[in-house]
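Peer 1: Protein chains in written order, with my numbering: chain A, 1 to 286; chain B, 287 to 597.
It should be emphasised that the hints constitute simulated quantities derived from the structure, not laboratory data. There may be inaccurate statements among the hints.
Here are the simulated EDC-like cross-link-like pairs (lysine to aspartate or glutamate), alpha carbons at most 16 Å apart as the crow flies [claimed, not checked]:
1. A:33 <-> A:239
2. A:89 <-> B:528
3. B:401 <-> B:356
4. B:338 <-> B:544
5. B:316 <-> B:303
6. B:300 <-> B:324
7. A:240 <-> B:453
8. A:114 <-> A:74
9. A:253 <-> B:453
So the chains spell out like this:
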Amino acid sequence: MQAFFRKPKKFVTLTSKEQRVDVPVGLMTKCPKCTLIQYTKQLEANLRVCTCGYHHPLTAAERFRQLFDAGSVELFELPEVKIDPLSFKDYPEKLRGDEARTGLREAIVCGVGKVNGYPLVACVMDARFRMGSMGAAVGTAIAEAVRYATKNGLPVTIFSASGGARMQEGMVSLMQMAKTSLFLKQHAEAGLLYISCMTHPTTGGVSASFAMLGDVNIAEPGALIGFAGRRIIEQTIREKLPEDFQTAEFLLKTGQLDEVVSRRDLKNYYTRLLRIHGEGTNHATI
Amino acid sequence: MQPFDQPVIALREKILELHEMADRQGLDFKEELNLLEERLRRLERDIYGNMKAWNRVQLARHPERPTTLDYIREMCEDFMEMHGDRHGYDDAAIVGGVALFNGRPVTIIGHQRGKDTKENIRRNFGMPHPEGYRKALRLMQQAEKFNRPVITFIDTKGAYPGRAAEERGQSEAIARNLFEMAGLRVPVISIVIGEGGSGGALGIGVCDRLLMLENSTYSVISPEGAAALLWKDAGLAERAAESMRITAPDLVNLGIADGIIPEVVGGAHLDVSLQADKLKTVIAQELEELVRLTPEDLILQRTEKYHQIGT
Chain A
1 MQAFFRKPKK
11 FVTLTSKEQR
21 VDVPVGLMTK
31 CPKCTLIQYT
41 KQLEANLRVC
51 TCGYHHPLTA
61 AERFRQLFDA
71 GSVELFELPE
81 VKIDPLSFKD
91 YPEKLRGDEA
101 RTGLREAIVC
111 GVGKVNGYPL
121 VACVMDARFR
131 MGSMGAAVGT
141 AIAEAVRYAT
151 KNGLPVTIFS
161 ASGGARMQEG
171 MVSLMQMAKT
181 SLFLKQHAEA
191 GLLYISCMTH
201 PTTGGVSASF
211 AMLGDVNIAE
221 PGALIGFAGR
231 RIIEQTIREK
241 LPEDFQTAEF
251 LLKTGQLDEV
261 VSRRDLKNYY
271 TRLLRIHGEG
281 TNHATI
Chain B
287 MQPFDQPVIA
297 LREKILELHE
307 MADRQGLDFK
317 EELNLLEERL
327 RRLERDIYGN
337 MKAWNRVQLA
347 RHPERPTTLD
357 YIREMCEDFM
367 EMHGDRHGYD
377 DAAIVGGVAL
387 FNGRPVTIIG
397 HQRGKDTKEN
407 IRRNFGMPHP
417 EGYRKALRLM
427 QQAEKFNRPV
437 ITFIDTKGAY
447 PGRAAEERGQ
457 SEAIARNLFE
467 MAGLRVPVIS
477 IVIGEGGSGG
487 ALGIGVCDRL
497 LMLENSTYSV
507 ISPEGAAALL
517 WKDAGLAERA
527 AESMRITAPD
537 LVNLGIADGI
547 IPEVVGGAHL
557 DVSLQADKLK
567 TVIAQELEEL
577 VRLTPEDLIL
587 QRTEKYHQIG
597 T
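So that you can see chain B by itself, here it is in the shape it has in the complex (with noise of 0.2 Å):
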């Protein structure tokens, strides 16, 4: 399937050989070039601009889409990375550790997708285990111990739906985080940054403030899923994923997401370095106002703020 947004990634790649073609001919293609470069803002603006439920998805999805580790390791300084849920496995399909950002000393956990087939194996798509959500739960009570506020970087499918999965407890593993998540007397920031698949994905998402990416997905299932469940017909999908309000406009409107994080134009992959510095830039500020509330307001706050949705 040709992406959405194919006239201005065509258009981009044209422009970028006349650049070339100039350079190496010597000749000056300069009138053409601006003539060309605002054809292409006026084909973002409009392509960009009106973006429907499913164009999102599609971006969210998109394989170059950075990853939480990529953000890690834009926005942190001293990331080290810890492992294990101390009873036996350690789930790669979920990262977390501690780190300094902007000098102060947090608490990172998010979804890791790989990159490759071969990470993606080993991480299975980001698809966790009960051990992940354990090994998330581990670290975030050490975060509680020595008061450090924690991130919480939301990017999976959903948990995953296997056999071992459901033999280990996966649905009491992600009750349990949601229960002590509740209770935690540091501040929890949780970013969308890609897609935000259900259970699997509040499993380590409940939080004080809960931000999207522009282009990120938040929903109760896949629009595939909805669609199949609804009317009986994966094809529906994009139907589905317009009715089932899933963007982070729609989140902010249903009083779900705190805040919206701009993207980059085309999306978060075309330049990793800047959506990182747009991420922290909010991350920084919401932490400022969190870190001064004493852990009853915290608390307070946060049980408001879920009792309030839907009511």
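Only chain A is shown next, with the shape it has when bound in the complex (with noise of 0.2 Å):
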């Protein structure tokens, strides 16, 4: 019966051997935005941006690579956390399978390394494990990267990719939203400097902690930001949600981004924000 209502199929699917063959995966990359077809290769000479402007997602390696100088950058040691705080149901099969898919350990990566010679910590997040979920993980590994900064004097700063808390973490979870705040505050009353960079998406849990929190936040164009879902707004107020809503642009316009800052130019804008800010330090104290 369910045959009699299945929609026949518009397209032959190809599905012979040789067509897979020819084309090896990740050759060509799509663009979502434009659907321009090009070299993947041609795509990370230009910073995985589109000849359009879509921004593709970055690995948190990626992310390294373009913005610090090569061969400066020392990687942490993810601190040691509890895994599956809440015993819950398959939650460690999820977290083996990502880690099998994307070479991770978890949804981010800290290090510290030198942008056109200036010092700086940075906290990466990869949104492909996990949707770069926040658990005690990310919320630890934060902590300890700010804190290294602060021991050191050095500035920070955050690539927030992550769709917020981490359900099967429950309130180990959200409680990772107080500990990376906590940190940050203390950062910041040692004079240093904080810059949030939120790229898609940055919502939820994320959202509402350390993504807002920078002397600088900025903004990849059209990266996704919000506090709430669109879905859950537009079931609760009831009316349809504007094209652009909670997009970076949309969050420049509302007064809630210093900028929106193309790929392109996040080397020199990073550069030009810590050579103004003396590598972080507190002018007043010298």
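Assembly of the complex is requested from the two constituent chains, each provided in isolation within its own frame, with the hints serving as guidance.
Peer 2: Printed below as a string of structure tokens:
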């Protein structure tokens, strides 16, 4: 009976073996915005920004490569945390699956390096791992990296890319919002610079904690940034939201960002900020 | 849906009826009444002694559950409510002000639900906009200036998910509060009195002591939301409530809550005064300890409290 209702396919799907062999996976990349298909190598040479301006997501490793001077980066070990604090069904398997798929241990990579000679501590989220959601591992990694920056008098940056709290860690996840904010507060009180760069997507508990706490808050073009999800808001207020709602450009318009910065200008933007802030130290105390 | 404690409620009513009948007719039902009352106690023990997370969710959401202002009225002398964020709004979903608590000046802030539909609309069902968090922050910083401890009552389904809230920076308002509360140089005690809904709850909940009423809940997402997200079926809320670990005992076990305040048998709504007394005793004890600490020690302990969660 079900077969009766199934829609006939409009196109034939090519499944021949040769087809697959001819085009290795990852050789070409299609832009979801303008549908242009181009060589991945070429896209990478352009910092994974499409000719139409669409910013393809970056892995944490790519982000470090793009921002920091070659050979200057020293990555931090991820701090030990409780895995699966709620004993949530299937959660450890999901973690292992993402680990195998991405080669990452968690949704974040932290380290210290130099941007055109200026030292900077960076926490970079990677949305391929559990959609970049924040659990104890992500929260504690940020806390430790920020603490390292405070201790060494260094500026810090966090690249957010996260769907928010990690459901499978429940309240432990929510409390990471407080933990990260707490260590950022101490960093701020030491008179040090924090640059928050929001990338696609930065929502929920991540946007409502460290992402919005920068001395300078910037975002990549087109990034989705917001507290509540679009669908939930539409259901609550019973109206359709404008197309650009919760985009980086929308946030700039409503006074919530300092700037929307294209990836092509990002290293330059960081360099200028770091120079003005004198390596992140407090001028008043000098 | 029938409440899970329907048998208790029904028996209580029956006993009350019998009392009235006895009074009216001048008859002696003492024996029957004793028997029924003993049965009631047994039933209460059975039902309230083995509560599932979902039962507690129901009690936490009870329409008659006491609110922030109820507790303030019962616990404090001379509460003076202060309004407004000084930037154009006064969000009625968060109330705050100054009061005397056992003779000590304190600042009290809390989410405020309405008692009826009209008040609920005015108070947006206790779901704050950014302005509510900004008002709360203003009052906390005022408390710091005058060296008054801060008491916050958590009782919200969450920060309001609306268009205007997003446009005016819901994320930033909550984030700012976490950040500033982290460095507040006066003691902060937070008590979850009903539902603690995610970031909207935490926005006034970074503290030195987190206490929970026995039947309150605190969660990263509502059980309905979790079920919809994880299993694409909001009907599995009951199962989600269990696996998300959102009850007071769960959160003590996870090292997140510092203590449980026992509730009146059957729920806080059955005797607001008695419940406020229990609350007041515990808050007074915690306050005594915290006011002895220097601001530096206070912040050090607060840092450690949050640092250890999940590690």
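Peer 1: For every hint, state whether the structure bears it out.
Peer 2: Hints and how they fare:
1. A:33 <-> A:239: violated (25 Å)
2. A:89 <-> B:528: holds (12 Å)
3. B:401 <-> B:356: With a Cα-Cα distance of about 11 Å, the restraint between residue 401 of chain B and residue 356 of chain B holds, given a limit of 16 Å.
4. B:338 <-> B:544: violated (21 Å)
5. B:316 <-> B:303: Answer holds: residue 316 of chain B to residue 303 of chain B is near 13 Å, not above 16 Å.
6. B:300 <-> B:324: Given pair residue 300 of chain B, residue 324 of chain B holds - Cα atoms ~13 Å apart, limit 16 Å.
7. A:240 <-> B:453: Roughly 15 Å between the alpha carbons, so the hint for residue 240 of chain A and residue 453 of chain B holds.
8. A:114 <-> A:74: holds (10 Å)
9. A:253 <-> B:453: Holds, at about 9 Å.
Violation of the numbered hints given earlier is confined to hints 1 and 4; the remaining hints are satisfied by the structure.
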